[in-house]
Structures are given as structure tokens and as C-alpha cells.
Amino acid sequence: MRDIIVFSGSSNPELTDRICRNLGLPPGKVELKKFANGETSVHFGDSVREKDVFIVQSGAGHVNDLFMQLLIMISACKMASAKRITVVCPLFFYSRQVESQASKRGVPGGAQHRGSKVPDSVPQSPRLPSRVNVRDPSPRNVLSHRSVSTGSSLKTLRTNEASIANPTGYRSWIAQSGTLIANLLTSAGANHIITMDLHDAQFQGFFDIPVDNLLSKPLFQHYITNYVPNYKDCVIVSPDSGGAKRAAALADTLCMPFALIHKERRQKVDTAQAQSELMVHSNPSTSSLNSVSFATPGFPGRNSPASAPNGQPADDQQYVATTMLVGDVHDKVCVVVDDLADTSNTITRAASLLKDQGAKYVYALITHGIFSGEAMRKLKESQIDKIITTNSVDQAAHVAELDAKEMVILDVSRILSEAIRRINNGESVSMLYDHGW
Amino acid sequence: MQIGSGIVNDKVLELLIMINACKTASARRITAVLPNFPYARQDRKDKSRAPITAKLMADMLTSAGCDHVITMDLHASQIQGFFDVPVDNLYAEPSVVRYIREKLDVKNAIIVSPDAGGAKRAAGLADRLDLNFALIHKERARANEVSRMVLVGDVTGKTCIIVDDMADTCGTLAKAAEVLLENGAKEVIAIVTHGILSGNAIANINKSKLERVVCTNTVPFEEKLKLCPKLDTIDVSGVLAEAIRRLHNGESISFLFRNAPY
Chain A
1 MRDIIVFSGS SNPELTDRIC RNLGLPPGKV ELKKFANGET SVHFGDSVRE KDVFIVQSGA
61 GHVNDLFMQL LIMISACKMA SAKRITVVCP LFFYSRQVES QASKRGVPGG AQHRGSKVPD
121 SVPQSPRLPS RVNVRDPSPR NVLSHRSVST GSSLKTLRTN EASIANPTGY RSWIAQSGTL
181 IANLLTSAGA NHIITMDLHD AQFQGFFDIP VDNLLSKPLF QHYITNYVPN YKDCVIVSPD
241 SGGAKRAAAL ADTLCMPFAL IHKERRQKVD TAQAQSELMV HSNPSTSSLN SVSFATPGFP
301 GRNSPASAPN GQPADDQQYV ATTMLVGDVH DKVCVVVDDL ADTSNTITRA ASLLKDQGAK
361 YVYALITHGI FSGEAMRKLK ESQIDKIITT NSVDQAAHVA ELDAKEMVIL DVSRILSEAI
421 RRINNGESVS MLYDHGW
Chain B
1001 MQIGSGIVND KVLELLIMIN ACKTASARRI TAVLPNFPYA RQDRKDKSRA PITAKLMADM
1061 LTSAGCDHVI TMDLHASQIQ GFFDVPVDNL YAEPSVVRYI REKLDVKNAI IVSPDAGGAK
1121 RAAGLADRLD LNFALIHKER ARANEVSRMV LVGDVTGKTC IIVDDMADTC GTLAKAAEVL
1181 LENGAKEVIA IVTHGILSGN AIANINKSKL ERVVCTNTVP FEEKLKLCPK LDTIDVSGVL
1241 AEAIRRLHNG ESISFLFRNA PY
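Keeping their order, the protein sequence lines are chains A and B. Under the working numbering, the first residue of the first sequence carries the number 1, and numbering increases by one thereafter. Under the working numbering, the first residue of the second sequence carries the number 1001, and numbering increases by one thereafter.
Hints may be right or wrong, so weigh each one.
What the hints assert, rightly or not - Pairs of lysine-lysine, DSSO-like flavour, derived with a Cα cap of 30 Å:
1) A:K34 - B:K1186
2) B:K1207 - B:K1224
3) B:K1045 - A:K78
4) A:K83 - B:K1207
5) A:K33 - B:K1045
6) B:K1224 - A:K51
7) B:K1011 - B:K1045
Hints were generated in silico from the structure; no laboratory data involved.
Make a model of the complete structure from these sequences and hints.
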């Protein structure tokens, strides 16, 4: 190991310790504090001059604080003449906010917020042309609605948003923070990024610096082959169509059957009134973001009346969400695979749907278990029999909370430390994609 | 666009995302109005490997797409040099001068700077008001803490007006007030531009011998106003509004350095 030093941000020091143990180095000394006014203070206790610096920070918890801390650490290392600065960020910051402005999901700050009304992830399924109603004549425009759904963190913005809600039919603009985050990291002085299971692999293209997107697939593969009994008879399930590719790849490698859960919002056809209203008021973004309501999974594949826990009843008159299972899971053991679980709505719904369809046992394999807000309670009550996640996010609190149900934490530090070792030595990282470590 | 204090990091990222969203929405020009510039105090490498976060902030704003920055009473005006885009550093001084003339006993007052760094600012104010000027010299042990203080100048029987650019925990101000009263001052009033008043600032002020603490409204503190009867505000929104108007019309801003609009 040449001139290497690994520093830990305050998000996940335990992961850094494990990485350092694997590398056989002590973690770099760094003092992370806050000034009385809330500004972050960073002080490095080890020299970084002409060293290969790695900074480990995971994007869960107080995301904005952690991100600023990371930027300040990068900048301080750069100013202190570090040779190269590599950011090791297993769960990437703002990774879910890369969609274009026509997207149906995501709002800056909203998805990361720990509120209970975070919009669920919605698959990018093709919509009926009649529903792509760009001009919204009603003043109920997207942004003003969204301020409701994002909760208290954006309270200060609400007054502004009330004035933005104009009746002119301007389609409100959604911030795409993906490029911004990439630019901020680059301009702070990062030279290289290591991350894991990026929500959108396209994120790599936003950077002008190399990004190594490691995969948790080998870890999951290992777990399934070794710990799932008769795994050849199990079914890999993707809880939404966005994650289909990831799940299908795993199924292919293990020669296992594959099923997909598909969510669709259908127009309700039973009342003429609802239809006429639809022509006037409907805005696909509005409705999909607010009424995060789904059919009770007992009626898959059919249009069924939606229950509306958080949403606005007006929208539910017009749309019903249907959840469809594509594939056969009857009397099978199901392995649900997803890259991240935040409020864990998707995963718990998927589990109850699978059980309704006759699944025997449901495993949930999640790379990044953020489990914010009500997630732990939901998981406890859910139909999931076993949760398998990784320590990319600090899981100590979650494990303590979830005693009733079995929770397995896989260790990603070996993959990360091997990637660090290889990058430091200038070796190829690609074998880690297939074999893991 | 504006940014205060409080949960600084959240606000900073919120601002950056807003700027970036405006930029990608083809805004012609994006001006960030930051009366209280975040991380303004971390402006130099005071220890080895210390971050220059103010420079980082400048880089962040520029790379998010900010074309112009308006700020007020920067902790160190050199921060303007960190930017590649124009920075207009406004002064609260004209508003402060008006406040002193209208509400305080000008004839029997003396302007006091609580540290050597703020001497220039205080001296400028004293010149404008034709008043005498005193200085407190201090040695700081750690950040957010104060230690020994030495008074330079005569304050006997006078109303002392302490002038500073920001008050955080108010430890400095409280200590300074004690030193001034020990040296025979009649009463002590503090005027600060950015009243961040974090931590136990309110308790410090209530306990201290300060007669009054006056802040501008660059940082919202309505709630603290209720908790502390000694607080008072100066409204600087007029200055900022006028700066925005002038900037938009391409007029000169330097007029605002000497005069406060009503």
C-alpha cells in the first residue's frame, strides 16, 4: 500500500473501520464537529500531502449535513496538497433525483426527507396518450401539491410556492439535482468516485471524473446459493419495473425463474362524471405524486377501488392504481430484489401481493436499507419473512429495533476495500463486478 | 433567493438546487442574495489542513450556476476575491447610523470595537458619527470561546456602542460589556449586523450587563425577540431591495454604501 490514507465521514464510521481492517491500516484521524451556528467544522489530524486520500461517506441520515461535510473534507484535502482524492460513497447522495423534468416522481429534498408522505417509487411504464395532458388549466399545479407531500423540511418554501401556483398553465419545473451533485463534488476537488448499486447507472455520465459503480450482485448471489434452501426452485421478483433489469440479471446468473410486479394507474371508467372531470383537471404528475394509493393487493390484474391513505380523494375518483404480478409464484419461495428501501412501501406491498398470490416464503434482498420514517414499523408488520440488507448504511439501530423478524446484514466492506486496494495500485476493478470478494 | 442561518447545510443545498434548477430552466441571470454569507468565518487556513470553506462555498455557488452575488457585511471582505462572478458587498452601516441618530444619545456615545479585526468597521462608523472610538483587544483560546480582554481608550461616563458584524453565542459581547462597565462606562449597547444568536445566546444576553442588543433582520429571529426583551431590530430589506432594483436596471450600487433608502 503506497501513500494511502482512509478517512471516515460521520455517516458510517463502522464501515470505515471494517474497510481499514481489511486493508490493514489505521483509519485517518479526523475531527468532525459543528460550530454553534450549525456550520460544519473539519480538522484533519494526519498529514495528507502527496497521499492517495479515500473518504468514506454514505448518503443516509441527515443527508445535507453529510454532503456538506463530505464537500468540506474534499476541499480541505485538496487545499492540503493531497495527490488524489477518491470519494467512497456506497449509497450515493441524491441518487434518485436524476429523472428529467417530465418525470413523475421525485422532488428536490423530498425523496430524502424522512417524512411519512414521501412519494413511492413509480415504475416508468408507458402511459396512455390521453393522460399525457401537458397543459393544466386548473390552478392545482404540481409544485403546490408537492409542498404538501414533502412535509416539514420545505415548510419555508411554501409561501413562495403559493405564489408559483399560477393559473397560466405553466408546467412547473423540477430541479434535476443529479448533475448539480456531480458538479459540486468535482468542483470541491474529488478525483474519483467509488459507489455501489447506483439507482440509475446513468448517473455515472454526469461526472467528468471516473466513477466506479460496484455491484452487490455477487454478494446476493453468494447469499442465495448458500443460505436459501433449494434456491433453484425459488423465484426472483422485482418489486417495480424500474428494477427489473437488476433482478433479471441476478435471475439469469443463477438460472432461476423471474417475476415482475408492475404498478399501473388506470383510468376509472364506471362513472361518466369522473371521466368528464378528467378531461379538465387531470394532470398525470399531480395525481401520481399525491395519491400514493394502490389497489389492495387482493385484486391483482384488475381495476379495483383504491384506498387512499395519504392522497387526495379528488384524484382517486379519477384514477385507480393497479398492481399486477407478471409471472407465477404459486407455492414458491420468492426473493424480492431491490436496490434501496427508504419508506419500504414498495417492498412491503410487493410482499403482501406475493403472499396473496400463494407465495410460501418471502425474502427481501435490499442493497441500501435506509429505512427512514415509519419503515421499521411497516417491515415488522409486513409479510416479509426475512430481510437481507448490507452495511452500506449503518444498520445498528435497525437491527436493534427489528428483533422479532430475522434480519441479515451482509458485509460490503470487503468489496469496497478490495476496490480501494486495486485503485491505489492501479489494477483493474472489473473483476469485482462478477466475483465480488 | 435568500439564505439565513439555522440548519445551515440544509439551506445551502436548498439554495444550490434552486440555482441549478433556474439555470437548467434557462434563466437569463441568477443572482443569489445572501445577506448572511454561510461559512464566512472559515476564510483562511488558520491551522494546517483546515478547510477554507468560504472558498468552497464560492466554488459551489459558481458551479451551480450563480451569476451574481449580493451579500452584506462580509466577515472578511476578501471573500469577494474567492468568486469568479461579481460580488456586491453591501453595508449595514448607513442603516446603523440612522438607528443611532434616531434612537440613541449620540452626543454622549463612544463606538467600541470588540476585537481588532472589527476595528476598521467601528472606526468607519465613528467617523460618520463624529464620535470617539475605543478598542477591546482579546485573545481567543478556541472557536466560539473568548478569553482575556484589554480595553484601549477611555470610556468613562459614556454610552458605549459595541459594533460587530456577527453575534453567535454572544460570549464576546457579554465579556466586552463587563470590561467596559469595569472601566467606568455608563451603559453598553451592542449593534451587530448578523444576529445568529445560536446556542445559549439568549441566556447569555439576558444574564449579561448589556443594556440592549440590536441586530439587523438578515437572520430571522422573531421567536428570539419574544424570549429576550433586550433585543431590537434594524430593517435592512430596503437596502437589499434597492440593490436588487439597481442591479436589475444596471445602475450603480455604490450609492448604497453611504446612504440608506427609506
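Status of each hint after checking the structure:
Distance check on the hinted pair: K34 of chain A and K1186 of chain B sit about 37 Å apart at the alpha-carbon level, beyond 30 Å; violated. Note on K1207 of chain B and K1224 of chain B: the hinted pairing holds, with a Cα-Cα distance of about 15 Å set against a maximum of 30 Å. This hinted pair checks out: K1045 of chain B and K78 of chain A have alpha carbons roughly 12 Å apart, not beyond 30 Å. A C-alpha spacing of about 50 Å is found between K83 of chain A and K1207 of chain B, which places the hinted pair above 30 Å, so the restraint is violated.
Pair hint K33 of chain A plus K1045 of chain B holds up; C-alpha atoms about 17 Å apart against a cutoff of 30 Å. Our distance criterion of 30 Å between C-alpha atoms is broken by K1224 of chain B and K51 of chain A, whose separation comes to about 47 Å. Distance check on the hinted pair: K1011 of chain B and K1045 of chain B sit about 24 Å apart at the alpha-carbon level, within 30 Å; holds.
Checked against the numbered hints above, the structure breaks hints 1, 4 and 6 and satisfies the rest.
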